[in-house]
Each structure stands twice: as structure tokens, then as C-alpha cells.
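Sequences are here, hints too, so could you generate the full structure?
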Amino acid sequence: MSKNERLHRKFDKIRQMEESGQLRNKKQGNRTLRKLLNNRLAVFGGVIFLIIVLACIFAPLLTDYSPKMVDMKAILKAPSMEHLFGTDKIGRDIFSRVLYGGRMSIAIGFGSALGCAAIGVLLGCYSAYRGGFFDSLMVRISEIFMSIPQLILVLMLVSILGQSAKNIVIIFIICGWGSSFRMARSKVLSIREEEYVQSLKVFGLNPFIICYKHILPNALGPIIVNLTLSTAMFILEEAALSFLGLGVPLEVPTWGNILNAAQDIYTLQNNWWMWLPTGIVVSLFVMSINFIGDGIRDTTDPTMQG
1 MSKNERLHRK FDKIRQMEES GQLRNKKQGN RTLRKLLNNR LAVFGGVIFL IIVLACIFAP
61 LLTDYSPKMV DMKAILKAPS MEHLFGTDKI GRDIFSRVLY GGRMSIAIGF GSALGCAAIG
121 VLLGCYSAYR GGFFDSLMVR ISEIFMSIPQ LILVLMLVSI LGQSAKNIVI IFIICGWGSS
181 FRMARSKVLS IREEEYVQSL KVFGLNPFII CYKHILPNAL GPIIVNLTLS TAMFILEEAA
241 LSFLGLGVPL EVPTWGNILN AAQDIYTLQN NWWMWLPTGI VVSLFVMSIN FIGDGIRDTT
301 DPTMQG
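Take 1 as the starting number for the sequence shown in UniProt numbering and just add one per residue.
Incorrect hints may appear among the rest.
Said to hold, decoys possible - Cross-link-like lysine to aspartate or glutamate pairs, in silico, EDC-like; alpha carbons within 16 Å at most: (1) K68 <-> E251; (2) K213 <-> E194; (3) K35 <-> D294; (4) K89 <-> D71; (5) K35 <-> D298; (6) K89 <-> D264; (7) K89 <-> E251.
Hint data in this document are derived by calculation from the structure and do not stem from the laboratory.
So, in C-alpha cells, the structure goes:
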């Protein structure tokens, strides 16, 4: 038997192993989905998540008011059939501001989490697979960013770059990629010693192909969980920054900017509709994301399965 024939047989064997692995992963995926649907909190979180997201997307169908329309004749109106969540200090409809503001807040949270995951996972996977000086350097860089209190770093960068939705997303990505990097790195470190990875190395495959095509798909479970939790964290951080007046400009409706109008004690005591409905929506949305993340973790983490 010639050398080429032996190589072809080995490649055929590896292809058969990959096909059987894909079939096994498909069956495992179906089982994981069933377990996720049996998790009541995850299902409840998914329902609340879909309701809020769809309400924000189809806001024009749910309200006739513009989030920026000022009506001086309807200042500080309590909730009614005309204004479901009441009006604010300059007569703007709070229900419409919650719906349209949810678009911006959710986009900032999800965009920031996705950017952090993209940078952290790409660097973390390759750093763990390659090792050596590059791995040590990336670990030290991530430790520098993670050692600085995130809120202080965000406040400093906001004062430098200025207030806008784009800058907020950039700042969140700069401050938050470290956790995704460390999680992806730790997962790849445990996978790179598997037998199939060593076999791929022997056949001389490109390191990028081994890393991102064969190793990364097996490390997606905890990365997806981290993505959901990061989305909730960034939504809360945007709300906190906007509440302090350091987030998105006040003329742009976001959940944090709506809460910004309720800073004084008089408003908190006498005009509860200016902050309570928005606070409930933010709390429910963040809780729903956390429930979904916990459900995904319980169904994908072998240590959590009985």
C-alpha cells in the first residue's frame, strides 16, 4: 500500500469520525432543547423576553404617541386609558417612551455583549491553542482591564469620548471583553488536549482551522451563557449611566433616560408613574435574560445534570 493510499484512508477515517460526531451533537442538541423547555423559569423568562422585545419592535402599532412629542396640556398626568403609563414633566407619553426607549437600551446591551464575545472568544481561543508568549501577553492585558473597577473606567471613557449610543457600545466592549476572553481560554485549554485535536495536528492542518472549526464549536455552551448574562449587565449599566446623566444624550429615549427624570424625592413620592412602570419593565427584562441564561447553563453544563 502506497503512502498516498494510507493518507487517504486516514482522512476518510477522520471524516467518518466528524460525521458521527455531528450526528451525536444533533441528538444531544435535541435532548438539550427538551431539557430547556422543561425548565419552567427558562420558559417563563423566554416568554417575558419575547413579549418585551416584540412590543418594542412593533411600538408604532401599540401607541399613537411619539416618544419625543411634548404636550404642555398633559403635564404629569396619572396613568389612564389615554396614557397607559401617564405622562412626564413636559407632557410626553411614558408608555411610548418605554417602548421606543427599549429599542435603544436592548440594542446597546446586546450589541455590547456581542462585541465583547466576538473579541474575547476570538482572542481567547487562539491564545489558549497557541500558548507560549502570546498567551501570557494576552492574559496580562486582560488582567489589566479586569483589575480596574469597570464603572470607574466607563465613567472616565465617557468623559473622554463623549455621550452617544455608539460611544457607549465602544466603551462597554473595551471594558467587558476580558471575561469572555478568560472563559473561552479556559474552555479551549481543556479541549486542546483531546485525542481528535492531536490527530488533526499530526495531519498538519492549519492552526486557525483546528482552533475555530474543530475546537470552538465544542466550547460554545458557556460562551452563550456568558453572552446572555453580559447583555443583562450592559442594559443595567446603560440605565445607571443614563440615570446619572452620563449615558446616551437625554433627548434620546432609553430606559435609563426615563428614570433620569425621577431623581428628586418629590417625584419619587408623588409621581410614581414616572419611574415605577419603567423600573418594572427593566427588572422583568433583566430577570428574563438571567432565567434564560441559567436554563442554558443547566442544560449544557455536565456538572449541573443529574
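>> Name the hints, by number, that the structure is in violation of.
In response: none
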